[in-house]
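Undergrad: According to this note's numbering, the residues represented by the sequence shown are 1 to 83, in order.
Note that these hints are calculated values from the structure, not bench results.
Even for Gly, the Cβ is constructed at its ideal location relative to N, Cα and C.
A few of these clues could be false.
[Said to hold, decoys possible] Here are the simulated DSS-like pairs of lysine-lysine, each with C-alpha atoms no more than 25 Å apart in a straight line:
| id | residue 1 | residue 2 |
| --- | --- | --- |
| 1 | 68 | 80 |
| 2 | 80 | 42 |
| 3 | 27 | 68 |
| 4 | 80 | 67 |
| 5 | 42 | 27 |
[Unchecked claim] Label pairs and their in silico Cβ distance ranges:
| id | residue 1 | residue 2 | range |
| --- | --- | --- | --- |
| 6 | 33 | 61 | 35 to 43 Å |
| 7 | 48 | 9 | 19 to 27 Å |
| 8 | 34 | 62 | 40 to 48 Å |
| 9 | 57 | 79 | 17 to 25 Å |
| 10 | 9 | 79 | 16 to 24 Å |
| 11 | 38 | 77 | 19 to 27 Å |
| 12 | 13 | 47 | 37 to 45 Å |
| 13 | 32 | 80 | 40 to 48 Å |
| 14 | 80 | 37 | 31 to 39 Å |
| 15 | 75 | 37 | 34 to 42 Å |
| 16 | 34 | 70 | 33 to 41 Å |
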Amino acid sequence: MTKPAEDDRQPEALATFAAAARNEGRKPADLGLTATPETEGKPGDLAAEEQDATDILNAGATGDTEKKDAAIARRVEADKRAG
């Protein structure tokens, strides 16, 4: 799979919602269909993120708070590194 060109990247949905929330609930006029530095995705390890999400969901279903807390802590640390 080829990487999309810089101008072809779409904004991340949650970043778009956050931008709208900061703009009285309306999508900012300058926020189009391509990503901006504010709405582009953050770099990271997708496999590790998926594993942490799985651990969080499984721990929630089984009541294993230690496993859930450990997975959340890993995500927080990874987000700090991603910027």
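Undergrad: Could you run down the list of hints and mark each one as holding or not?
TA: Now the hints, each set against the structure:
1. 68 x 80: holds (19 Å)
2. 80 x 42: holds (11 Å)
3. 27 x 68: violated (34 Å)
4. 80 x 67: With a Cα-Cα distance of about 20 Å, the restraint between residue 80 and residue 67 holds, given a limit of 25 Å.
5. 42 x 27: OK: residue 42 and residue 27 at ~21 Å, within 25 Å.
6. 33 x 61: 35 to 43 Å: Given about 37 Å between the Cβ atoms, the range holds.
7. 48 x 9: 19 to 27 Å: holds (22 Å)
8. 34 x 62: 40 to 48 Å: holds (42 Å)
9. 57 x 79: 17 to 25 Å: With a Cβ separation near 18 Å, residue 57 and residue 79 satisfy 17 to 25 Å, so the hint holds.
10. 9 x 79: 16 to 24 Å: holds (20 Å)
11. 38 x 77: 19 to 27 Å: holds (23 Å)
12. 13 x 47: 37 to 45 Å: About 21 Å separates the Cβ atoms of residue 13 and residue 47, which means 37 to 45 Å is violated.
13. 32 x 80: 40 to 48 Å: Distance hint for residue 32, residue 80 is violated at roughly 30 Å.
14. 80 x 37: 31 to 39 Å: violated (19 Å)
15. 75 x 37: 34 to 42 Å: With a Cβ separation near 22 Å, residue 75 and residue 37 fall outside 34 to 42 Å, so the hint is violated.
16. 34 x 70: 33 to 41 Å: Cβ of residue 34 to Cβ of residue 70: about 37 Å, so the range 33 to 41 Å holds.
Going down the numbered hints, you'll see the structure goes against 3, 12, 13, 14 and 15, while the others check out.
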